[in-house]
Every structure is written in structure tokens, then in C-alpha cells.
Amino acid sequence: MKEFLQLTIPGLMVGSLYALVAAAVVLVYKSTRVVSLAHGQLLAFGALFFWMGIVPFNLPLVLAIPMALACSIWMGWLVERITLRPLIGQPLISAFLMTFAIFMALDGIFQLILKGESKTYATRLSLGEFEIIGIPIRVVQLISFGVVLLVFLSLALFFRFTKTGLGMRATAEDHQLSQSTGINVRTIFSLIWIFSAIVAAIAGMGTGYVMDIHFPLPYIGIKGLIVALFGGLDSLPGALLAGLILGVLENLIAGYLDPLVGGGLKDVAAYALLLIILLVKPYGLFGLKRIERV
Amino acid sequence: MRPCGTFDERYSQDMAILRIKRHWAALIGALLFLYTFPLYGSYYFISLLNSLSITIIIVLGLQLVSGYCGQISFGQAAFMAVGAYTSAILTGTMGLSFFLALPLSGIIAGLIGLGGGAPSLRIKGFYLAMATIAIHFVVMWLILHLQITGTTQGLHPPPPRIAGFEFDSDEKIYYIIITVMLLMTYGARNIVRTRVGRAFVAIRDNDLAAEVMGIELYRYKLLAFFISCFYAGIAGSLWAHWIQMVHPEQFTLLHALNYIGMLIVGGGGSIPGVFFGVLFLRLLDEGVMLIAPMLASVFPWIGIHPAASMSVSVFGIVLILFLIFEPRGLAHRWEIFKASYRLYPFSH
Numbered sequence: 083m084k085e086f087l088q089l090t091i092p093g094l095m096v097g098s099l100y101a102l103v104a105a106a107v108v109l110v111y112k113s114t115r116v117v118s119l120a121h122g123q124l125l126a127f128g129a130l131f132f133w134m135g136i137v138p139f140n141l142p143l144v145l146a147i148p149m150a151l152a153c154s155i156w157m158g159w160l161v162e163r164i165t166l167r168p169l170i171g172q173p174l175i176s177a178f179l180m181t182f183a184i185f186m187a188l189d190g191i192f193q194l195i196l197k198g199e200s201k202t203y204a205t206r207l208s209l210g211e212f213e214i215i216g217i218p219i220r221v222v223q224l225i226s227f228g229v230v231l232l233v234f235l236s237l238a239l240f241f242r243f244t245k246t247g248l249g250m251r252a253t254a255e256d257h258q259l260s261q262s263t264g265i266n267v268r269t270i271f272s273l274i275w276i277f278s279a280i281v282a283a284i285a286g287m288g289t290g291y292v293m294d295i296h297f298p299l300p301y302i303g304i305k306g307l308i309v310a311l312f313g314g315l316d317s318l319p320g321a322l323l324a325g326l327i328l329g330v331l332e333n334l335i336a337g338y339l340d341p342l343v344g345g346g347l348k349d350v351a352a353y354a355l356l357l358i359i360l361l362v363k364p365y366g367l368f369g370l371k372r373i374e375r376v
Numbered sequence: 271m272r273p274c275g276t277f278d279e280r281y282s283q284d285m286a287i288l289r290i291k292r293h294w295a296a297l298i299g300a301l302l303f304l305y306t307f308p309l310y311g312s313y314y315f316i317s318l319l320n321s322l323s324i325t326i327i328i329v330l331g332l333q334l335v336s337g338y339c340g341q342i343s344f345g346q347a348a349f350m351a352v353g354a355y356t357s358a359i360l361t362g363t364m365g366l367s368f369f370l371a372l373p374l375s376g377i378i379a380g381l382i383g384l385g386g387g388a389p390s391l392r393i394k395g396f397y398l399a400m401a402t403i404a405i406h407f408v409v410m411w412l413i414l415h416l417q418i419t420g421t422t423q424g425l426h427p428p429p430p431r432i433a434g435f436e437f438d439s440d441e442k443i444y445y446i447i448i449t450v451m452l453l454m455t456y457g458a459r460n461i462v463r464t465r466v467g468r469a470f471v472a473i474r475d476n477d478l479a480a481e482v483m484g485i486e487l488y489r490y491k492l493l494a495f496f497i498s499c500f501y502a503g504i505a506g507s508l509w510a511h512w513i514q515m516v517h518p519e520q521f522t523l524l525h526a527l528n529y530i531g532m533l534i535v536g537g538g539g540s541i542p543g544v545f546f547g548v549l550f551l552r553l554l555d556e557g558v559m560l561i562a563p564m565l566a567s568v569f570p571w572i573g574i575h576p577a578a579s580m581s582v583s584v585f586g587i588v589l590i591l592f593l594i595f596e597p598r599g600l601a602h603r604w605e606i607f608k609a610s611y612r613l614y615p616f617s618h
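Residue numbers (our numbering), protein chains in the order written: chain A, 83 to 376; chain B, 271 to 618.
By construction, these hints were calculated from the structure, which means they are not laboratory data. Keep in mind that this is a model prediction, so the values were computed, not measured. Ideal Cβ positions, reconstructed from N, Cα and C, are used throughout, including at glycine. Any given hint might turn out to be false.
[Claimed, not checked] Some chain B residues well away from chain A (every beta-carbon gap over 10 Å; in silico):
{"hint": "1", "residue": "423"}
{"hint": "2", "residue": "437"}
{"hint": "3", "residue": "609"}
[To be verified] With a straight-line Cα cutoff of 20 Å, these simulated SDA-like cross-link-like pairs (lysine to any residue) come out:
{"hint": "4", "chain 1": "A", "residue 1": "84", "chain 2": "A", "residue 2": "249"}
{"hint": "5", "chain 1": "A", "residue 1": "363", "chain 2": "B", "residue 2": "558"}
{"hint": "6", "chain 1": "A", "residue 1": "363", "chain 2": "B", "residue 2": "392"}
{"hint": "7", "chain 1": "A", "residue 1": "363", "chain 2": "B", "residue 2": "298"}
{"hint": "8", "chain 1": "A", "residue 1": "197", "chain 2": "B", "residue 2": "388"}
{"hint": "9", "chain 1": "A", "residue 1": "84", "chain 2": "A", "residue 2": "197"}
{"hint": "10", "chain 1": "A", "residue 1": "112", "chain 2": "B", "residue 2": "395"}
{"hint": "11", "chain 1": "A", "residue 1": "197", "chain 2": "B", "residue 2": "570"}
{"hint": "12", "chain 1": "A", "residue 1": "371", "chain 2": "B", "residue 2": "395"}
{"hint": "13", "chain 1": "A", "residue 1": "348", "chain 2": "B", "residue 2": "408"}
{"hint": "14", "chain 1": "A", "residue 1": "197", "chain 2": "B", "residue 2": "558"}
{"hint": "15", "chain 1": "A", "residue 1": "197", "chain 2": "B", "residue 2": "566"}
[Unchecked claim] Stretches of chain A that chain B covers, calculated by requiring three or more beta carbons in the stretch to come under 8 Å of a beta carbon on chain B:
{"hint": "16", "segment": "234-245"}
{"hint": "17", "segment": "278-291"}
For reference, chain B alone in the conformation it holds in the complex (with noise of 0.2 Å):
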């Protein structure tokens, strides 16, 4: 909602994401700080940041999939593994520069996910739930299984390399996953103003009304598995160069759960929504991981290690304090917010 007196005179203005001069210099502002942010920023920032990134990108294919297109995907982790392992070989085995590697893996994952979305045609709901942990599971066992993806040892792919410069420490690769977080952001953005993600709403509101409106069903579903786990292979692809080391322990069940949070908390169907979600959970995990050893030593006997326990217990509590006081989530909020602040001193 917009305040009274803002009009639109072009079509140009009307679709602009950035509207008005406060809007490019907050874009901007971000943007230095983000990029200057290695040269005084601590580095366990600088992971924490590293990590974060990541994991917008994937809850950003989660949310194309999940929140837009309404087919809940318990499958993100694995795709997630497929681009790691698939970035890890083309490099390290193959022996491809990691610029092209990059999207490749997302294109493999991608790819690979049509395969997990190919369910999608005669199931829905939580049926469609169940079968992507099933499809979680089977991808594991394979990485595990088979002898390319180094079994239970794991990869070590090399870190990224550009004309002898070597992007081989957190801060150094920082640059290259914010920037690819950037991008991914601006196309997630976009893909949901347009044709396909319009289709993706009508298919999440009402897939039968959806069909008689003239959508292709299967069609744009598998579109939406498809660029969900392209999201997915890309990100898994900057964190094995990050780490430098893939293992299949990296890439659980509890890991596709997590992102499947940070989804309800952030808010199904929004672009922002992701960055809160991701942002809150992460900041409480920190939280408890710093609280933890200090209850531990208080209460001796919830244990030595309670840390990892106490963030799995919190996270299904504030998981079930969103559904039932906020189940729209925090980009709800956002929302209220934004619009009391446009109308100030009106309150309608």
C-alpha cells in the first residue's frame, strides 16, 4: 500500500523494484557495506556471513518451490549434494576452472531434481512430502555407494582459481558467494513477477482451478523443481569450495528440515521472507550455542554437550510458536510494518 500523492506515470515505474532515491541509496549503502565488509569486519563474522549467503540461496529455491509453487520439498539437502559432489569432480577429477563448474552444477542438480519432481504428476500435499525424503535418502545412499563421489571419504576439490589468483581463504571467497547470493537474489526476485511465477501462485492456491485457467500443470511444476534445485546445486557448489571438503555427513535430513523452517518462520510466499528466516533462526542457533555451555555448567545435569541437542529442541519450539501465533511469518510482519510506516500519522 502507498500513501496518498505517489503516482505511477510509466509502465517502467509501475514495475520498478527500487521506486523511489531512498530505495538506491539503501541498495547502495548495503552494497558498500557488504562489500567492504572483509576490510574490518572479524572473521568469524565473515563465515557466519559466508554461511548465511548459502543458505539464503537454498531457502530461496526452497521458497520458488515450497512457498510459491506449493509443492513442499523435504529434498533440498541432497540436491544440495548433488551440486557439491558434481562442482567437487568437475574440478578436482576433471579438472574444469570453477567459473565454469558453478553452473554446471546447478544445471546437473537441476536436472536431477526433475527427477524428484516428477512425482509432483499424481501426488501432492504431503504425499509429495514423503516422497521427496524418500528421494533424499536414495540420492544419499548412492553418494555413499558410489566409487566417483569417494564413498565415505569424501572430496577435497581445490578452492577457485582465476588467472593464479586463488580465492583459497573465507575472506577472499567471501566476494564470490556474496555476489553470487546477489544475483541469485535479483533472479529469485524476478522469476516471481513474471508469467512463471504467476503460474507458480495459481498452482499453490488452487492446482485444479489452476489446470481449467490453461496452466500446464506438470509442466511449470517440474519448472519449479528445476530451478529449485538449480538453487540448490549452486549453493552446494560454493560451500564445497568454501569448505574445501564435501562428505555426505555435511548433508542430512536435519539439514533439509532446517531449511523447511526457516521457510515457516520467514513466511511462505516472499522474497524478504527468506532473509528473515534464515537470518532468525540463524542468530537463535548462535544464541543457544553460545548459552548452552553457560546452562551447562549451571545445571550440571543436562550434560557436557547440550548445545546441539538445546538448538534441534528450540528450533521445533519457535517452529510451533510461529504456526500457531504467526503463521504467516515474519514477512508478514514486515509488511505491517511497512505499511503503518508509509501512512504515519494516518492509521489506514
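If we strip away everything but chain A, and leave its shape as in the complex, we get (with noise of 0.2 Å):
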């Protein structure tokens, strides 16, 4: 039992992280329609910020946190502004292909930035940590867990609560429609992109805790779109579950399966997992079924 907790907790703190990066997945899918590969990259550039505001230019955390959130915020209103604003009323794939070359086009420059070292910012933000039955569980990844879940709790408050977050559903229906009602739809898809920014900044920052920044800090992006697919593309709930089911399973395989076929298992779970999926719901848990017309 214990060790099941061992590996189950540490599982939930990563799988709050996946869900973040999920939420931002999500969030893009919900009002525009697009499938964004590029935010494995926003995650990234968000941990290179928060590295930078810490380390080289060793700020306190209260001015590193809003530098890094924005950077972020121009950066997602710039990928935004030059990439798909041209796209718009174009196929969703090429959309989809543009995020793709988005991807590659800052990977470049995250590896240009990095030149093949790897930057950590984890020792210099230890507050400790502290056992509950006999798991040490590290302050910081407690605290980032809660801001998981807060952050969960505003977006959906924001989207039933607010005009702009109706204007963004609205937006996510029929864009001719709501633009019809006086919603200006290059606006939410500028906004969008920038709440999807902050929100992966935000993950990355977490991810930058728990694993170095360096080269592969991009790829959990695709993470992040597995698990938006597991829990449905369109539903925020969904990414959250989702999220934490991957965390823990990743945990649980690494600690259960991997001393029978020799390691490496936890890498391909997910993505065996989504195939799994894909094949048995290909809508995911709480994904919205769409039904087509010639």
C-alpha cells in the first residue's frame, strides 16, 4: 500500500501538470477549431522565461512570475497575430500543419537559446519538503498542484460567467453566426491565444521544476494533446481527468511493469494509451460526437 501511495502521489502532481498543458489544448480547440501542436513550445518558452527572470537575472519570485507570464502573453499574441491570422476561413488542416511549423520554427530557437546545455531553477526555489505516512512530498509541487486547480476553477467560472467567455463559446458554435451578434471573432481568437499562452506558461513553470529545461521540454506538448484527446477535445473537465489518470498510470506502469521487460515502458504508455483510445472512444471521456453532413 505504501508503495502504491509512493508512486500514485508523485503521479497526481505530474498529472496536474499534463492537465494544464491539456487545458491549453483545449482551450485553443473550443473557440477556433484548431489542433495546436505548438503548445509543447509556449510550455517550454514559459520555463526558459521563468529560468531567466531566476537565474540570470536573479529577480525575487514576485517580479520573475509576471515577467515570465509576459513574455508569454506577447508571445501567444504574436504566434497568433503573424501564423494563423492568415488561415482563417482556411481548411482546419492547414491550420493544424501550421501549429506544426510553429512547433519546429521555436524548437530551433529554444535549442539555439539552450546551445545543448540544460537549466534548472529547481534548487534555488526548494522550501522544502515534508512527509505525510512516511511520502515525502516537496513543498513546491504541492503549491503547484493547488495553482493546478485554481486555475481549472477560473477558466471555467470565466467561460460561464463572463461576456468574453460567452463570446468565446459563442465563437467555438459558428463563427458567421456570432460575429453576426456583435462579437468581434478576431479579438477572442487573439485573447484565446493569449489565456492558452498564460496557461501553458504556467505548466511550464511547474514542468521546469520537476524536470530539467532541456531539449525533449518541448515534446510534452504532445503530451498535453494526448491527454486533450483522452479527456475530449472540447471539455475542460475531461482534460483535468485525463491528466491525472495519465500521471498516476505513467507512475504505476514505471513502478509495476518496468522491472519485468527491462525500463522504457513508462515512455510509450501514453502513447499506446492513446491508441487504445482513438480505437474504443475516439471522441474521448467527454468529447462532444460530431455528426457530419455531406
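Fit the two chains together into the complex; they arrive one by one in their own frames, and the hints show the way.
If you want it as C-alpha cells, here you go:
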């Protein structure tokens, strides 16, 4: 039982970060119908901006977090403005390929900045750890778990009660109809990318704490996409649940099955899971099934 | 579009790929150039042509499944790996001749590709694209963990040999690679003109409408995956015997992403587009490799080895530009050029 908890609790912590990346993807999909591969990069750059604030500039946390968020907001806005705005009205698949192109372009810049090294800020931020029934839990991870839940709660409230949030939901239904009711679809698109960049950057700061900032970091974005597909591409609660499930499942597989096959199962578990989900429930746990007309 | 005054009098004329004498002259000239190239070409250009031809074969397969049939596949690198490993095992461990192992590795890659195409029954678009990414990782994980594929050590297949003659250098295997590439191009050019190719295009344009018209969706989608993986497998086998070393590091997701990029730049739904896309991106890559060290010496702050990351960035930026300004790719430009050349001096 203790071993099980030892695997489950860190799994929940990591899973909450997956859920956050997935939330960024879901946000974009919900209002623009674009599935984004680019959020892995927004996440990685969020972590990188945070590291820059803390290590080279030696800023206190109160300044480093707003700085990283501001840079991410600027980046999310820039990505939407330069690359996706010209594609409004084009087939959705070309927007998907565009996010893949953005991923590549930013990946090169990310690696150029890293120069093959790996950066870490975990040592600067150590707030110590405590034990519950013999399981060590780091305080920072607990805080990040809390932040994730807070972000999800505020997103849910935002979509439900604010005018902009309702506008975003209307935009998701039909661009032309919502435009004729006075919603500015372009502003909504910009806003949604800024929001998702913020969410991705928060996920990046958390992920950068768990694992170092080095070249595979952007590929967490693919994991986020898997989680989003698992939970259903247009469902925020689905993203949260699926993220937690994937995080726990990965740790359990690493703990119980890896010794049997000689390691490495953790990396492939998510992809195997995705294949099974797509075959059994193509629209995910809570996704809307779309009915098409010719 | 053809200029006025050119009429086809027989069906064979209407169906011909090479219509006029100038086409034949161009074909024979190109063949002569390709087959005599090792006599005067330098080592660098021969190996460049080798890798270009192999890439062309892979992207031809991708063109059939993604450009013509509309099923975007990120799994091409993994299926190339399947072909390479199959060929290496058949020749190295079992002692089969390369010329038997080449088609066999294509067929085995194609059969495994059927597994990759299986999800296309229920999902499409980016769902399918994500499924092929998942298939890539599962296949590569299996290759890395199975005993028969040599795990992290990789395999060392022998060079092709026929009647005591060994194709053991770049110049010698060049002839095999070029010949296979030309055959595969001829095959692809013809597949897309047949019933099968037309069915692919119908599925791409609207799969529900295609089904209503009597096209068996699942059969044709699986066929598209089989053909594309067959191409990837053949390319993998050639690669394995050219480099004489197969290792999981040679078939990463980045490679698969590159092939998709070549398809976008070249233009979907066009066989010449494959050639344009591969040539454009590979030459751009070589250019970046050439310029990057100079840039690094002028601006020391970009690091000592900026070539790899710079080429990724340039690739992404080129892709963004193409998607915004030329979504139909270079093949579209080529069609415009051909039309205006034929109709010259008139503009319409």
C-alpha cells in the first residue's frame, strides 16, 4: 500500500501539469476548432523565461513570475497574429499543419538558446519537503498542484459567467453567426491564444521544476495533446481528469511493469493508451460526437 | 492546358505521359545524365543524390497517402525503420540476397502499415495524425527493446552482392538507388491515374460523398496505407544497405516531420511536387549547414554548433511562409509556369 501511494502521489502532481497543458490545447480547440501542436513550445518558453528571471537576472519570485507571464502573453499574441490570422477561413487541416510549422520554428530557437545545455532552477526554489505517512512531498509541487486546480476553477467560472467567455463559447459554435451578433471574432482569437499561452506558461514553470529545461521539454506538448484527446478535445473537466489519470498511470507502469520488461515502458505507455482510446472512444471521455453532413 | 492546334487522335496519345518528342529528348537526356554522373561527379554530390533519391521514395509514399488520399501520416520514419531492420535481418542474420530482401522488406513494412492504417476506419484528420504519431513511438519502442533488432547496438547489414560483385561504395550502390527511385516514381505516377488513384482523390475531397458514390472507404484507406508503407520500407532497405548500419537514432519523429514538411513545400496531390519539395528543403538544409559555421564565427553568442538548431528553425519558418503565401506548394507554381510557357505569346 505504501509503495502504491509512493507512486500515486507524485503521479498526481505530474498529472496535474499534463492536465494544464491539455487545458491550453482545449482552450484553443474550444473556440477556434484548431488542434495545436505549438503549445509544447509555449510551455517550454514559459519555463525558459521563468528561468531567465530567476537565474541570470536574479529576480525575486514576485517579479520573475509576472515577467515570465508577460513574455508568454506577448509570444502567444505574436504567434496568433503572424501565423494563424492569415489562415482564418482556410481548411482546418492547414491550421493544424501551421501549428506544426510553428512548433518547428520555435524548436530551433529554443535549442539555439539552450546551446545543448540543460538549465535548472529547482535548487533556487527549494522550500523544503515534509512527510505524510512516510511519503516525501515537496512543498513547491504541492503549491503547483494547488495552482493547477485554481486555474481550472477560474477557467470554468470565466467560461460560464463573463461576457467574453460566453462570446468565446459562441465563437466555437459558429464564426459567422457570432460575428453577426456583434462578437469580434478576431479579438476572440487573439484573446484565446493569449489565455492559452498563459496556461501553458504556468504549466511550463511547474514542469521546469520537476524536470530540467533541456531539449525534450517541448515534447511535453505532445503529451498534453494526448491528454486532451483522452479527455475529449472540447472538455475542460475531461482534460483535468485525463491528465491526472495519465500521470498516475505512467508512474504505476514505471513502478510495477518496468522491472518485468527491462525499463522504458513509461515513455511509450501514453502513446499505447492513446491508440487504445482512439480505437475504442474516438471522441474521448467527455468529447462531443460530431455528426457530419456531406 | 495545351496550346490550340494540338489534338489527340488516339486514346494512347491521350493517355501518354510523354506526349511529344521534346519530352522524350528530356527524359533520355536526364537518364544519361543520372547514369553517367558517377563518372565525373564528386563524392559529395553522389552521396547527396543517394540520400535525395531515398528521401524522394519516402515522400512519394507519403504523397500517395496524405497528398492524394488525405490521411495525414506522421509514421513514415517508423515504417522506414521497419523496412531497414527487416532488410538488415533478412540479409545479415538469414543470409538472403539483397535483391530478394528489398521487395520483401517493402511488403513487410506495408503489412505492418496496415496496422497503422487500422484506426482510419473510425477517426480522421488530426485524430488520425495523432494516432500515427503514437504508432511511431510504439514501433520505435519495440525496435529498441526487441532482441532481434539488436536493441541500442543497431545492426550492420552487408552491402548488396550479385554474382561476386559487391556494391560496397557510394558510387556503386548509386546505380541501384537511382534505378529503384525511377521505378518507384513511374509506379506512383501510374497509380494516381488508375481507378485506385481516383478513388484516393475522391476520399480526400470528401470521404462521406466518396462512400455514397460506391467507394469502399476502409479498403481504399488501408490500400493507401499499404502502398505508402511499402514505399517507406523500400526506402528503408536501400538506406540500410547504403549506410551499412541501422540504428534507432536514424529514424526519429523529427525525420517524419521533415517528410511532411517536404510534402507541404512541394504541394499535395502532385508527383513532380515531391521532387520539388525534397530538393528545395534538402538544398536549403545544405545551405544552412554551409552558412551556420560562418554565422557562428561572426556572431559568437549563437554558440559553437548552431547548424542543427538553425536548420530546424529555417525549416519551420519556410513552412510557415509556404502555408500563408503558397498553400498549394511549388507544384502549383510549376503548373502556372508550364501553362504560360505553352500559351506564350498569349496570356490566356
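Against which earlier hints does the structure fall short, listed by number upward? Of the numbered hints, 4, 5, 7, 8, 9, 16, 17 do not hold.
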